[in-house]
Amino acid sequence: MNMALLEVVMPSGDNSFYMDILVKDGALGDYGEFVGKELVNVTWEMFPLSKKREDTFIGGLSMGGFGACRNGLKYSDVFGKAAVLSGALHFYEYSREWVETTGNTIGEARNFGNLDETENSDRNPRWLIRQIEEDPSREFPAFYVACGLQDHLIDANRSITAALKEAGADVVYEEGEGIHDWVFWDTYIQHVLKWLDIHMDDKAKELRAPDPSDKSADR
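According to the working numbering, the residues represented by the sequence shown are 613 to 831, in order.
What the hints contain is simulated information worked out from the structure, not anything from laboratory work. Since the model is a prediction, treat every value here as computed from it, not as a measurement. No residue lacks a Cβ here, since even glycine has one placed at the ideal position from N, Cα and C. Treat each hint with caution, since some may be false.
As the list claims (entries may be wrong) - Once the Cα atoms are required to be at most 27 Å apart in a straight line, the calculated DSS-like pairs of lysine-lysine come out as:
#, residue 1, residue 2
1, LYS777, LYS664
2, LYS806, LYS777
3, LYS649, LYS663
What the hints assert, rightly or not - Label-pair ranges, simulated between beta-carbon atoms:
#, residue 1, residue 2, range
4, GLU709, PHE659, 18 to 28 Å
5, GLU787, PRO660, 31 to 41 Å
6, PRO623, ALA774, 24 to 34 Å
7, LEU727, LYS806, 20 to 30 Å
8, ILE801, ALA774, 17 to 27 Å
9, LEU761, PRO660, 18 to 28 Å
10, ARG708, GLN802, 33 to 43 Å
11, THR714, ASP642, 21 to 31 Å
Could you build all of it, start to finish, from the sequences and the hints given here?
Dropping the structure here:
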């Protein structure tokens, strides 16, 4: 039997959308840098994990889906793959009126500031896509994106997926019956695991706990 050999680390985002603090009444912390730099380094120090980009992934659903997309792009040197389930990618994709009403149910728009002023910043996935596209030294992570056909965020997921593909990113995109709920996510996280294609058979030797007497091990 094949088993996925995968360590999952799930930090709280405190409704920050996994971005760094922008305004005084927003999320109190640099959550983007925490996920993209600090947390990854801590896991490497604490656990016998590969430090290779191709073995380091980021993923999330809804707000976490935005965070996975945004930080996967911003820290593309760290993450080799990014999985986005029903990503809350609407802030720069839908009308300002829609965002201020329907798309701002818990006041999350405050984390983005004035959308017209922050549109060309690292808060906007499209801007981050352009930064990678225009820099030949950088490489896109591979993306898996899925959204329910009855999800109010599906058009935003479609448009960001189209932008990624147009920029040359490797993207697997799926749609299926479902709304913005755990029924859809429970189903499609299984698709994510298959897409990651990590099996005990392939990685067990490479990622096994290091021998304490082996000082040359660099994992």
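Violations among the numbered hints, reported as their numbers in ascending order: Hints 4, 7, 9 are the ones this structure does not satisfy, whereas the remaining hints hold.
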